[in-house]
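Chemist: Be aware that the sequence shown starts at 7, since it is given in this note's numbering, and climbs by one per residue.
No lab work stands behind these hints, which were simulated from the structure alone. The C-beta atom is built at its ideal place from N, Cα and C for all residues, glycine as well. Among the clues, some could well be false.
Between beta-carbon pairs, the in silico distance windows are [what the hints assert, rightly or not]:
#	residue 1	residue 2	range
1	640	454	47 to 55 Å
2	603	665	28 to 36 Å
3	603	65	14 to 22 Å
4	145	402	35 to 43 Å
5	665	333	54 to 62 Å
6	452	475	14 to 22 Å
7	643	409	51 to 59 Å
8	475	620	45 to 53 Å
9	492	64	48 to 56 Å
10	362	85	33 to 41 Å
11	412	362	18 to 26 Å
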Amino acid sequence: MNRSLTLVVLLVACAQDSSFTAIKDPEPPIEDTSAPPLEVDEAVVPEVNEECPELVYGAQLLNVDESCKNDPPPTTRYTPVVEWQWETYPHEPYVRSSWNAPLVGQMTDDNGDGAITPDDTPDIVVTTTNLSGEAGVEQGRAALRLISGDGSVEHWARTSWALDGETWVPDGYMSPAIGDTDADGHPEIYTMVHRGVSTDSTTWAACRMARFSADGELVVLSPQDLECRPHAPALADMTGNGDIEVIAGTFVLSSDDLTVEAAPVANEYLGTGYSASYWNGPIPAVVDLDDDGQMEIITGRHIQEADGSVRCYTDESDAWSAAADLDGDGYGEVVLTGDYRVTILDRECRFVAAWPIDDEGRGGPATIADYDGDGTPEIGIAAASHYLVYETDGTLRWSWLVTDQSSNCTGSSVFDLEGDGYAEVLYADEYSVWVLSGYFGVPLLQWTGHRSGTSNEYPVIVDVDGDGASEIVAVGDRGMYVIGSEEGWQPSRQVWNQHTYNITNVNDDLTIPSPTPANWPEFNSFRSADLRANFGQGAKLPDAVSLVADICELECDENKVLVTVKLGNEGLGDLLEGGSVAVYALAEDGTRTLLEVIATEDLVLSGYSTVGTTLTLSLDDLPTRSLVVVADDDGTGVGIIEECDEDNNALVIEDICADADE
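Sequences are here, hints too, so could you generate the full structure?
Modeler: Pasting the structure below:
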């Protein structure tokens, strides 16, 4: 940005790089005394016009300001604001408990313009149940609901559907998935249903995957029965061919007709995966671990290819999975939790690290993010008595006391609320919704209006009402609540479409990317809402500076001067998308006239400059023989780079071609 001018360079006549070897007169021959000397004309030396040489100016090393980073955020508590809360629902009011993650996306055309767009209000999809027979409702009765994100209306709630002469009811213990899988502008909902009205889970001999329209109608059932267990499906294009699949445990189904495209290959080492108990295994992560354009299914004990074949397996206990690039090699590592320990495997199931968690609980699904702003990811886990954050070598960074003695397997999400490179934790235990400092591990917000018996649900953070601000959406035994802050938080998306959400798995309009890009290196997170394209920078900041590599005045008599300019970075963070340098002529009254803009889209590493760019400037454009060179300026006078020092961007050059004016 344009700030006060901080450095003045007084020019000498010409840089050493621009000098020439002097032309000398030839030595006279030895005089011959045997004959009289001849009279000759005086030798004439032709006049040579000096020119600036064409030189290449490479990148150079610079000093780095080691303090160039955002400070850890303050531990001042946020003031929670309950934007809206439903303790009971308009339809089926006492089918109100939820043990799954609420999902958010644009599902309805609220403004009546004939299209579902960001101009409409986002919606919430959630499954609820009655766990205790409250208010005379049969225990276990479940409902699938679609609710406006501003709390103004429940679009619909369904407890049963009739299809092909049978009655189907929703599985109240699972998290659905939402997405516009056929890209027709109308999103679909995928969840599990079972036959009849029985709510006793022990009688659920078989379930079916179901596809619903956004208005709550049952469109199609999977033709094959699948075992009934709480789980959360994922949506992905497994092979990058444009066809979207539904992944339920280790089964790959067509998103269109829900036929089974790939089934797990029987193997005693595969683990239970899909049919595991509710605290272990049936929530697969679907990612491209090796950047080959093909998605892999990580289901606890093994990694499965799109066709159902097993890439590799381990003898580890079955577990929940997450993935990120933990070692910076460009490939994904697998994080397994849920068996009282953390295990990290590489993309071929090779052991990387493992350690027991510092808690008596089994631990829930992992969250991966840069909690401490150091540019590398950490792993967050909720257990029975603590929320714990670990470095990837097993070092415990911090823990905070929580209460989840029931399931001790809840999940969590993360978001950089301040946009400063430090992720905050969003978590709900049996009694409170928490926001925890990712750096210090202390509460920034606690809302005690929450109650939950807990399973693997977790709060999500989205712009749930389309107002441009982020809100926490949480569910529990007492319905649903949307919590904001008086202080305000960074903007976020209007989308959170599945339990294994990782930003790049879904587009803003709920279509599914094909092929699906890896979350790293741009974000390198899992179950995070942070949209700050960080590329491993963490809280580090760049510092753009202007550099003048050379000024050649050999052609001043020709009314021109050559100036070589570079863009430098003296900060700890890289200039990820390059930057620009503007060159201005300086007038007597201090005003500036833009002469040139030099832009680069290339990465400028910390402690380096770009190569030099040489400009040929007319002295007619330099009325005071002075230039101002400004980094992070595209000619508008406004900077766009978030940097640690905004006051060192400008460099003043004076007395250009001063000798030529004498």
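Chemist: If a hint holds in the structure, say so; if it doesn't, say that too.
Modeler: Hint-by-hint comparison with the structure:
Judged by the Cβ atoms, the range 47 to 55 Å given for residue 640 and residue 454 holds: they are separated by roughly 49 Å. The beta-carbon spacing between residue 603 and residue 665, approximately 29 Å, falls within the hinted interval of 28 to 36 Å. Under the hint 14 to 22 Å, the C-beta atoms of residue 603 and residue 65, about 20 Å apart, fit the expected range. Taking the beta carbon of each, residue 145 and residue 402 are about 40 Å apart, inside 35 to 43 Å as hinted.
Restraint check, residue 665 to residue 333: a C-beta distance of roughly 58 Å satisfies the suggested window 54 to 62 Å. A hinted range of 14 to 22 Å for the beta carbons of residue 452 and residue 475 is consistent with their spacing of about 20 Å. At roughly 55 Å, the beta carbons of residue 643 and residue 409 sit within the given window of 51 to 59 Å. Residue 475 and residue 620 have their C-beta atoms about 48 Å apart, which keeps the hinted 45 to 53 Å range intact.
Distance hint check for residue 492 and residue 64: the Cβ-Cβ separation is about 52 Å, which falls inside the suggested range of 48 to 56 Å. In this structure the supplied range 33 to 41 Å holds for residue 362 paired with residue 85, their Cβ-Cβ distance being about 38 Å. Range check, residue 412 to residue 362: Cβ separation about 21 Å, and the 18 to 26 Å hint holds.
Comparing the model with each earlier hint shows no violations; every hint is respected.
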